[in-house]
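*Asks:* Read top to bottom, the protein sequences are chains L and S. Count along the first sequence from 1, then add 62; that gives the number in the working numbering. Count along the second sequence from 1, then add 51; that gives the number in the working numbering.
Read the hints as simulated data drawn from the structure, not as lab findings. Check each hint, because a few of them may be wrong.
To be verified - Have a look at the derived ranges for each label pair, beta carbon to beta carbon:
no., chain 1, residue 1, chain 2, residue 2, range
1, L, Leu193, S, Gln191, 39 to 45 angstroms
2, S, Gln62, L, Val359, 57 to 63 angstroms
3, L, Leu357, S, His209, 42 to 48 angstroms
4, S, Asp190, L, Leu357, 24 to 30 angstroms
No residue lacks a Cβ here, since even glycine has one placed at the ideal position from N, Cα and C.
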Amino acid sequence: MNDVSQSLSDYEQAARQQETRRNWLLCTPALVVLVLAASGPLLVMLFYSFLKSGNYGGVIYEFSLDGWFNVILVRDIFDDVLRFADAHLSVFWRSIKLSAMTTITCVIIGFPTAYFIATRPRRSRNFWLFLITIPFWTNLLIRTFAILELIRNNGVINNLLMDLWLIDEPIQIMYTDTAIMIGMTYVYLPLMILPLYASMEKLDFQLVEAAYDLYATRIRVLRRVIIPLIKPGIVAGSILVFIPSLGAFVTPRVLGGGKNLMLGNLIQLQFDQGQNWPLGAALSITLLAIVMVTLLVYVRYSQRSGGQDG
Amino acid sequence: MADPVAISVNQVSKKFGHGKDAFFALEQVSVDIRENEFFTLLGPSGCGKTTLLRLIAGFEHPTTGHIQLRGEEISHLPPFKRPVNTVFQNYALFPHLTVAENIGFGLEMQDKPAAEIDSTVAEMLQLVQMESLRDRRTDQISGGQQQRVALARALAPHPRVLLLDEPLSALDYKLRKGMQIELKRMQLETGITFIFVTHDQEEALTMSDRIAVMNKGRILQIGSPTDIYDRPSHRFVADFIGDTNFLDGELIEANSEGAVVRLSSGKTVKTGPTDAAANTPVSITVRPEQAVLIEDLDAADLQGTVTNVMYSGTDSHFHIELTSKEEFVAKVQNAGPARRDWQTGQTVGIKFHSHVLQVVSD
Ligand SMILES: Nc1ncnc2c1ncn2[C@@H]1O[C@H](COP(=O)(O)OP(=O)(O)OP(=O)(O)O)[C@@H](O)[C@H]1O
Ligand SMILES: [Mg+2]
Numbered sequence: 063m064n065d066v067s068q069s070l071s072d073y074e075q076a077a078r079q080q081e082t083r084r085n086w087l088l089c090t091p092a093l094v095v096l097v098l099a100a101s102g103p104l105l106v107m108l109f110y111s112f113l114k115s116g117n118y119g120g121v122i123y124e125f126s127l128d129g130w131f132n133v134i135l136v137r138d139i140f141d142d143v144l145r146f147a148d149a150h151l152s153v154f155w156r157s158i159k160l161s162a163m164t165t166i167t168c169v170i171i172g173f174p175t176a177y178f179i180a181t182r183p184r185r186s187r188n189f190w191l192f193l194i195t196i197p198f199w200t201n202l203l204i205r206t207f208a209i210l211e212l213i214r215n216n217g218v219i220n221n222l223l224m225d226l227w228l229i230d231e232p233i234q235i236m237y238t239d240t241a242i243m244i245g246m247t248y249v250y251l252p253l254m255i256l257p258l259y260a261s262m263e264k265l266d267f268q269l270v271e272a273a274y275d276l277y278a279t280r281i282r283v284l285r286r287v288i289i290p291l292i293k294p295g296i297v298a299g300s301i302l303v304f305i306p307s308l309g310a311f312v313t314p315r316v317l318g319g320g321k322n323l324m325l326g327n328l329i330q331l332q333f334d335q336g337q338n339w340p341l342g343a344a345l346s347i348t349l350l351a352i353v354m355v356t357l358l359v360y361v362r363y364s365q366r367s368g369g370q371d372g
Numbered sequence: 052m053a054d055p056v057a058i059s060v061n062q063v064s065k066k067f068g069h070g071k072d073a074f075f076a077l078e079q080v081s082v083d084i085r086e087n088e089f090f091t092l093l094g095p096s097g098c099g100k101t102t103l104l105r106l107i108a109g110f111e112h113p114t115t116g117h118i119q120l121r122g123e124e125i126s127h128l129p130p131f132k133r134p135v136n137t138v139f140q141n142y143a144l145f146p147h148l149t150v151a152e153n154i155g156f157g158l159e160m161q162d163k164p165a166a167e168i169d170s171t172v173a174e175m176l177q178l179v180q181m182e183s184l185r186d187r188r189t190d191q192i193s194g195g196q197q198q199r200v201a202l203a204r205a206l207a208p209h210p211r212v213l214l215l216d217e218p219l220s221a222l223d224y225k226l227r228k229g230m231q232i233e234l235k236r237m238q239l240e241t242g243i244t245f246i247f248v249t250h251d252q253e254e255a256l257t258m259s260d261r262i263a264v265m266n267k268g269r270i271l272q273i274g275s276p277t278d279i280y281d282r283p284s285h286r287f288v289a290d291f292i293g294d295t296n297f298l299d300g301e302l303i304e305a306n307s308e309g310a311v312v313r314l315s316s317g318k319t320v321k322t323g324p325t326d327a328a329a330n331t332p333v334s335i336t337v338r339p340e341q342a343v344l345i346e347d348l349d350a351a352d353l354q355g356t357v358t359n360v361m362y363s364g365t366d367s368h369f370h371i372e373l374t375s376k377e378e379f380v381a382k383v384q385n386a387g388p389a390r391r392d393w394q395t396g397q398t399v400g401i402k403f404h405s406h407v408l409q410v411v412s413d
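Generate coordinates for the entire structure from the input sequences, incorporating the hints supplied.
*Replies:* Structure representation (structure tokens):
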């Protein structure tokens, strides 16, 4: 009797081990892709950031911290004095500021949109979601040029406003931070709407009714019930918008012109005209670090305030 | 003297959908519900009970008709402006708030001072015996406890009227019996008007001061539990509440005191009053326990053959095929004095007391 149960448990254990082994095997393709596509390039970047810059691009295989120094410091060409790289710091600041503003704008526009879709009859929801995803069918560059067409001095918006005699001169939107923000909002808005919709669809609207019933006005229902309950969607959407905004370079390049750089452009510049690959690599890793820190703060914050909302 | 009217529903209809999809969930519903009353809406699934409750709460607005609270028109007010609270069928507790925060929600939304909120919440926790769980999240308590929290949350702002949409239907039998008693106790203690929805006739009979029986968007009869049980106005009401027999007959004459009906056997019997016109065919209803089985066929109002005898502990049920081929069931208490040794195949007489027969309209 004891023997039988003993051998049974042996058998079970063997079966479990085999299953674990098989699961690992099944994971292998994913792991290979992950290592090659994500970690590999990252390690190359890390490696390059500690090398010496070649004269015409490329790297010299010699250890150097210059790349990292140059992220925040510059050596004056005339008197060899180290200064803060104001240009870099202002690009950092602009990137974070514009990405944050884009994220907030996306929440403000995305929330009512997602709410609208989530409150449609089930059958027509797919149609609205389909409309939201249409822009993804077009190349990013083309979408950005479409925005340019709208906001440039001779563009649709300015012409319309002038035809209506609302303004005498075109409003200068192109080549400003506003233009970059408009462009990024347009490009990343679906990434906000989809997770917001996903969490709103799960929202039990009877809870909204319960709150109305308990004397909550519409604004208070929104603040005390809807927003706390769809917070996971807001957090996910914000992350999905903030991170690519931070690294965007096509949109700021086209709409911001040459002067309003963002981090993505600065990095691209180092590999392109600047020909300072170690600096480019160090900047890339800095960008990654900013993203990670932001994520950590966000997750911490949303965990701590989860459930409680004043 | 009757209490003043709390909620007055006047000729209310509610249409859902448009064009050929249009559908009336409520048609010409009128009812006055009094202060301090335990009023029950009873009816089968889909008859419009929830719709009527949602109209009173303000989640829907009537297509036609008026709803008044203490004589004031409220049909146009949003839910948050009505001193009416709801206990939802699936409780609808806020999952991101604790038990105490749920209960205090209504008071907080009314901008009551914190001290008052605290004391009312404590009072409510005590009323529903949930003090020990005040800081639990609502998804970490049992169904019965959630039910209590939902009740406390709706009672805390001290509404004029409390609406309860099948609040006990998700509970198991024992818990349900316990909660029925507690609900009744709370209604008496708080003096709040309760409008209670159920499709369980027994629950309606035991708990209510008055019952409105609904079917297909209409109210068929409003009355006390004994009114509804003993003097059903419609065939549907008699059938829906308890077991009953229907007999065909012809109305001979009727006045405000009562009526005389000729049965299929040719015998005439007295019934309760009816609006039906004389010399028309009518249905009358009689409860199984209200028929007396006798041997003397001449003295009987009806006669028939026993086809089946079913023993059920407290009672015996005798299935009888009448000479008119109608089915009749008589119930005899096993502990009572009445004779109950009738055998299958035996011919028996059935006798009625005049006050138990009731003419019903279709
Ligand atoms: N929003 C709506 N749109 C269309 N039809 C509806 C809507 N709400 C209710 N109905 C219909 O109205 C009728 C009455 O519904 P209601 O929910 O009031 O029934 P009920 O008596 O509460 O039934 P139950 O006992 O099953 O809860 C049903 O036929 C239902 O399908
Ligand atoms: Mg219902």
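*Asks:* Taking the CB of leucine 357 of chain L and the CB of histidine 209 of chain S, does the distance hold inside 42 to 48 angstroms?
*Replies:* For histidine 209 of chain S against leucine 357 of chain L, whose Cβ atoms are near 47 angstroms apart, the range 42 to 48 angstroms holds.
*Asks:* Does the beta carbon distance between glutamine 62 of chain S and valine 359 of chain L stay inside 57 to 63 angstroms, or does it fall outside?
*Replies:* holds (60 angstroms)
*Asks:* Assuming the hint says 39 to 45 angstroms, is it satisfied by the Cβ distance from leucine 193 of chain L to glutamine 191 of chain S or not?
*Replies:* holds (41 angstroms)
*Asks:* Falls inside 24 to 30 angstroms, the C-beta gap from aspartate 190 of chain S to leucine 357 of chain L?
*Replies:* holds (27 angstroms)
Figure legend: structure checked against the earlier numbered hints; every hint is met.
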